[in-house]
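Trainee: Sequence:
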Amino acid sequence: MTTLASRLLGWPLFVKPHHVSIDAMGTTCLPARRRGFDEITEAVRIGFNLVLETDDDPVRLGERLDAALEPGLRGFAHEGVGMGLAILDWFTPWAPGRFQAYYAHRASSYDVTLVLGAGFAFARVPVVLGGLERFAERHGRVHDGLVLNGYGFHQALFKSGGAAERWPLPRGLPPALLRAVDNGVGRALWFLCGMEPPRMQQSLARLAPARHLDLWTGLGTACCYAGRAFPDLAEHAKVLEQLEELVGPHRKGLAAGVILAAMVQRRASSQTPWAAQAAERFVGASHETAALRGEEAWKMALAAPGPGFAAYRVFIDALAGLETADRRS
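For the sequence shown, the working numbering begins at -17 and goes up steadily by one.
Just so you know, the hints here were simulated from the structure itself, not pulled from any lab data. Take these hints with a grain of salt, some might be off.
[Unchecked claim] Now the in silico label distances, taken between C-beta atoms and shown as ranges:
1) 17 x 46: 43 to 49 Å
2) 90 x 228: 34 to 40 Å
3) 228 x 10: 16 to 22 Å
4) 79 x 154: 24 to 30 Å
5) 12 x 79: 22 to 28 Å
6) 278 x 106: 23 to 29 Å
7) 10 x 46: 32 to 38 Å
8) 156 x 223: 17 to 23 Å
9) 156 x 14: 41 to 47 Å
Note that beta-carbon positions come from the ideal geometry of N, C-alpha and C, so glycine has one too.
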């Protein structure tokens, strides 16, 4: 599809700043954190819109994205890219393959964030044959669970009216798949609660205790990967200390999320001091060591027997140092 055709198709889809603002999410955060928060959401918006503006050349798209954003924001942008490419593929079934072409170009650096973005896409298209489970399965082992993670994040963030507990989990999914969705809901809690642990505690108290481990994993990913929303490391450290006081028996779940975030950053060569701080506190290791643990868990999951969604569960549980078990039936 030519650039002109891409623009004509994408014109109604362009995302404007107010579409992804904290106000659109129905929540608030302290003014000092607003700038960092807006940088993250703006990066996602830029990634999505660049897909609509750029011809079907994955190299050109990657070059434009790199020129537009600093390394620490490109991972967030690739969530927008994944969403945009998956949506265009859906709207143009006669010429699919944009997502896979770009994935092949940048999988070594941004595979996880691209697939999370594909989960956003499912929330924004009218209907997908086979539903959410079938859509997720198309992306392969371990990645299928990441699609569900991305879907849960998007829906809790934009369909809950500012309170994740008000968004009902999708019906018809097995408990193991709902756990992946809750990893995304947990990531959304970080933003919906303004990155304030007391507000997170209040939200968690209104959600079923059986969901808490998976929600804390999502919170761990967010507090590590999106720590840059804080204007300085000292304030971020105080919030991490509060999280540590609240997490209780789910500390391993929180650590699993931190390890996942460290792994994602390492693949993209975009390590941040906020992530390093989270790794030191919750994993007791350097950013590099935490990331390598993530890679070991990833390899273990890919080699595990069973259907694809089972591999995602093996991955997350291996990050936490837990034996895979059915905890939500």
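Trainee: Indicate, hint by hint, whether the structure satisfies it.
Mentor: We went through each hint and held it up to the structure:
no. : hint                  : verdict
1   : 17 x 46: 43 to 49 Å   : violated, 24 Å
2   : 90 x 228: 34 to 40 Å  : holds, 36 Å
3   : 228 x 10: 16 to 22 Å  : holds, 20 Å
4   : 79 x 154: 24 to 30 Å  : holds, 29 Å
5   : 12 x 79: 22 to 28 Å   : violated, 44 Å
6   : 278 x 106: 23 to 29 Å : violated, 34 Å
7   : 10 x 46: 32 to 38 Å   : holds, 33 Å
8   : 156 x 223: 17 to 23 Å : violated, 37 Å
9   : 156 x 14: 41 to 47 Å  : holds, 42 Å
Hints 1, 5, 6 and 8 from the list above are not met by this structure, while the remaining hints are.
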